[in-house]
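Please construct the entire structure, taking both the sequences and the accompanying hints into account.
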Amino acid sequence: MCDISVARRNVPEGIRVLVVDDEPGLAELVGLWLEASGCEIATARSAIEALDNLARGVFDVLFTDVSMPGGMDGFELAAEAIRRWPALKVAFGSAHAWQSPDGAALSATILRKPYTQAQVQCAVVKVLTH
Amino acid sequence: MQTQRAQERQLIEECRLLLSHEMRSPLMVIEGFAQQLLDRHAAQIDEKGAHYLHRMLGATRHLSAQVEGMLTMIEASRQPMHIMRVDVTAMCRSLCEEMRAADPQREVQVEIEEGMSCEADSTLLRLVFSQIIANAFKFTARTESARIAITTEPQRDEAESRTFCVSDNGAGFDPALSRKLFQAFSKLHPVSEFAGLGLGLAIARHAVERHDGQLWAEGTPQQGCCFRLALPQ
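For the protein sequence lines, the chains are Z and F, in the order given.
Here the first sequence is numbered in the numbering used here, starting from 613 and rising by one per residue.
Here the second sequence is numbered in the numbering used here, starting from 63 and rising by one per residue.
Read the hints as simulated data drawn from the structure, not as lab findings.
Careful, some of the hints might be misleading.
Have a look at the derived ranges for each label pair, beta carbon to beta carbon [what the hints assert, rightly or not]:
no., chain 1, residue 1, chain 2, residue 2, range
1, F, 258, Z, 692, 18 to 26 Å
2, Z, 683, F, 209, 53 to 61 Å
3, F, 72, Z, 660, 30 to 38 Å
4, Z, 661, F, 83, 16 to 24 Å
5, F, 217, Z, 681, 49 to 57 Å
6, F, 169, Z, 697, 54 to 62 Å
7, Z, 699, F, 278, 39 to 47 Å
8, F, 163, Z, 648, 22 to 30 Å
9, Z, 660, F, 242, 51 to 59 Å
10, Z, 708, F, 217, 37 to 45 Å
11, F, 209, Z, 692, 40 to 48 Å
12, Z, 697, F, 290, 35 to 43 Å
13, F, 166, Z, 681, 43 to 51 Å
14, Z, 661, F, 278, 50 to 58 Å
Part of the chain F face toward chain Z, derived, beta carbon under 10 Å [as the list claims (entries may be wrong)]:
no., residue
15, 83
16, 89
17, 110
18, 114
19, 165
We put the beta carbon where it would ideally sit given N, CA and C, even for glycine.
This is the structure we're talking about:
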C-alpha cells in the first residue's frame, strides 16, 4: 500500500512520463494526476504514436493501457520500447486483473481499472525504485 | 439446450466486456474531471455549481460501484473452481479484522467458532463470507452493543452438508420479504438508513450456487437475523 502524500513526496521532481491510452480523457486525467506530483507529461493515443513520442523526446516512465486498438497492445509497446530504450521504466493500466506475460522482465506494475491518483503515483514511485 | 447455454454464456461475456472495457474508463474520466474542478477550480465555481458537481460525483461513484458489483457477480458465476479444504475460522477472522480496520471507531463484539472448515473453492467462499459478514457489520451499525456470531450447525456425519450461521442483533428484516434479500438491486431498508447497492447478497448467492449449496436467511425486524450457508461435502 502507498499513501498519496507519501507518493507525492517520493516522486522525484521533473520525472518525464509518457501516458498512453486510446481514451484521450483518461490519458489527460492520469497526466494531471502525475503533474500534481511534479512530473512532466506527454500523452499518446496509440502504441504507434507513443513510439513516435519516445523517439522524439527523453522519458523516464511509460504508463500505458494494456488493451489498445491498432494492432499493438500495451505489453507489445512496452517490450518494443524497452528494446529500444532499455532504461525506460514501465507501468500498466488495465481493465483486467492479469499478470503481464513477462512482468518480472519488464519490472512492471499493473494497475487494475478503476485506479486512483494515489495508485498511479505509487506505481510511478515503484517502477522508478525497482 | 446446448445452443441456448452457449448463447447465454456469450451474452454474459459480452456484458462483462461492456462493463470492464467500455464503462470503466469513461466513468473514471467523469469522476476524475469533476474532482479536478472541485480541487483546482473551486474559486471560479459558486456554491450552487459546487453542489451540482458533488451531485455528479456522488452519482458517478454510485454507478462505478454498481459496475464493479456486477463484474464481481459475473466473475462469481464464471471463474473456474478449485475445491480444497478451507480453514473457515481463519478466513472469517481475517475478514472481520479487515472490516474492523475499515471502521475502527465502531465496537462490535464478534464471536467466531474455533475449528470451522469445509471443502470449497476458497476464493468464492471468501467472497460469500465477505458479503454476509459485511452485511452483518452494516446492519448492526445502529445497534447498541452490536454482536455478530459465526458458528456451524451440528453435523450428523462427514458426508452431510456443512452448515454455517452468521447471526447478528442488528436491524433484521420482515420475514415476508426474505425471498427478495438475494435478488440483485433489492434493498429492504431505505438507503438513507443503510447505504448499499443491493448486490452483495446476490453475489453471495451466485457463489454458493456454484457449489450446489444453499443460502437462506431468517430475521425479525429490530432484533437481528441469521444467514445460513449449507455446502455439500
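Structure-based check of all given hints:
no., hint, in the structure
1, F:258 to Z:692: 18 to 26 Å, "violated (46 Å)"
2, Z:683 to F:209: 53 to 61 Å, "holds (59 Å)"
3, F:72 to Z:660: 30 to 38 Å, "holds (32 Å)"
4, Z:661 to F:83: 16 to 24 Å, "holds (20 Å)"
5, F:217 to Z:681: 49 to 57 Å, "holds (55 Å)"
6, F:169 to Z:697: 54 to 62 Å, "holds (55 Å)"
7, Z:699 to F:278: 39 to 47 Å, "violated (59 Å)"
8, F:163 to Z:648: 22 to 30 Å, "holds (28 Å)"
9, Z:660 to F:242: 51 to 59 Å, "holds (52 Å)"
10, Z:708 to F:217: 37 to 45 Å, "holds (40 Å)"
11, F:209 to Z:692: 40 to 48 Å, "violated (59 Å)"
12, Z:697 to F:290: 35 to 43 Å, "violated (59 Å)"
13, F:166 to Z:681: 43 to 51 Å, "holds (45 Å)"
14, Z:661 to F:278: 50 to 58 Å, "holds (55 Å)"
15, 83, "holds (5 Å)"
16, 89, "holds (7 Å)"
17, 110, "violated (25 Å)"
18, 114, "violated (20 Å)"
19, 165, "violated (18 Å)"
Against the hints set out earlier in the document, violations occur for numbers 1, 7, 11, 12, 17, 18 and 19.
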